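From first to last, the protein sequence lines are chains X and S.
All letters in the first sequence, in the order written, are residues 0 to 195 by numbering that gives the first Met the number 0.
All letters in the second sequence, in the order written, are residues 0 to 195 by numbering that gives the first Met the number 0.
If you are wondering where the hints come from, they were derived from the structure by calculation, not from laboratory data.
These numbers come from a predicted model, not from an experiment.
Any given hint could be a false lead.
Said to hold, decoys possible - Stretch-level coverage of chain X by chain S, calculated; a stretch enters the list once three of its residues show a Cβ under 8 Å from a Cβ in chain S: (1) 23 to 29; (2) 79 to 85; (3) 101 to 110; (4) 113 to 119; (5) 125 to 137; (6) 141 to 155.
What the hints assert, rightly or not - If we take Cβ atoms under 10 Å as the criterion, some of the chain X residues that face chain S in the derived model are: (7) 18; (8) 19; (9) 46.
A virtual CB, placed ideally from N, CA and C, is assigned to each residue, including glycine.
As a plain string of letters, each chain reads:
There are 2 protein chains.
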Amino acid sequence: MTVKSEPENLTLRFWRLMYQTYTLLKRCEDQIFGEYGLTTEQYGVLVSIEYLGEPAKVTDVARWLERSTNSVSMIIDRMVKAGLVKRVRDRKDRRAVCLSITSKGENALKPATLGGLEFIQKILSPLSSEDRRTFVSQLETLKYDLLSYLNPGVDTEKVKRNELEKKANLRKWLDLYALPSTPGARRQGGRKKKAM
Amino acid sequence: MTVKSEPENLTLRFWRLMYQTYTLLKRCEDQIFGEYGLTTEQYGVLVSIEYLGEPAKVTDVARWLERSTNSVSMIIDRMVKAGLVKRVRDRKDRRAVCLSITSKGENALKPATLGGLEFIQKILSPLSSEDRRTFVSQLETLKYDLLSYLNPGVDTEKVKRNELEKKANLRKWLDLYALPSTPGARRQGGRKKKAM
């Protein structure tokens, strides 16, 4: 297949579509998470704590969200006031401020995650499994490319290895939130309850 | 090629990567546009006016940016104060508030666009032309899917046709901003100046 070279056109379309698609996605998420009393930003903080494992360092939460520690701290202040998370001391490093999720936070996170996952599955449904796989892997390429742009000399292989180490938490999280309609959930005989 | 079915995993990865990639892209853009005294939001407003053609209705700018008219109006207030755009009356509909770009706005928009296009070309460079084309077309599918989710019953074909009608402005814009290094710009013998 011959591909006509249109570098400017594709560059502009990519640029505009990344913005539009993300903005629309954010508006959909604001609606979905709003039903559970969460903003999209607050939801992100809760998910990152689940991913990282409790108690999670604020600096790790900020890195996971690709945001500055300052902006994440402001979101956390409001979440502490709303009773969604609490600040705790790290057992190993007494100076580090860590976060854990309150039961109120857990009670909002679970249905919000199910609602969000169902929504994303619906949105991705026009793409074939293979197309989804390709799309996700290209997104990943772009992500590491952007990361290198912002942090020249960053060891992206090391970043990838660190993310793989968190896979145990990811697995736990997936088991916990597996949608009843997915093959993984059926194999486990339905949704598991987290021991609290 | 056999694709192992991992619906939850791909759904989650897509979700997280869309967030991370966009957030990183936004941080890069903040840096780039900041060099020309613009925020990424202000840059978006200037580009939409160029795209739509002057004078551009505020409601059309908001629709182009996929944002609410209220949030765009707040950005515009600051841009009017900063002397980047001015409010004008529509010639056909005297009640509609329209926008045109001041010469200060033009002087910021041009180098910011060149910087932005160069950056996006660099970021996309690890993907082959064919991969870029596939990625952009999948992004487009997702965009219209999200648009239908937010506006049930929306005529996406009509939206697509409206966007095609703006192609003349897009072409003008591309000619104006074509990077000297691209085939399009070389064919035209370098960058064109816009008649002001």
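Going through the hints against the structure:
1. 23 to 29: holds (count 4)
2. 79 to 85: violated (count 0)
3. 101 to 110: violated (count 0)
4. 113 to 119: Coverage by chain S holds here, the residue count being 4 at a Cβ distance below 8 Å.
5. 125 to 137: Check passed, 11 qualifying residues.
6. 141 to 155: It holds: at least three residues are needed, and the region 141 to 155 of chain X offers 7 whose Cβ sits within less than 8 Å of chain S.
7. 18: holds, 7 Å
8. 19: holds, 5 Å
9. 46: This interface hint holds because 8 Å falls under the 10 Å limit.
Going down the numbered hints, you'll see the structure goes against 2 and 3, while the others check out.
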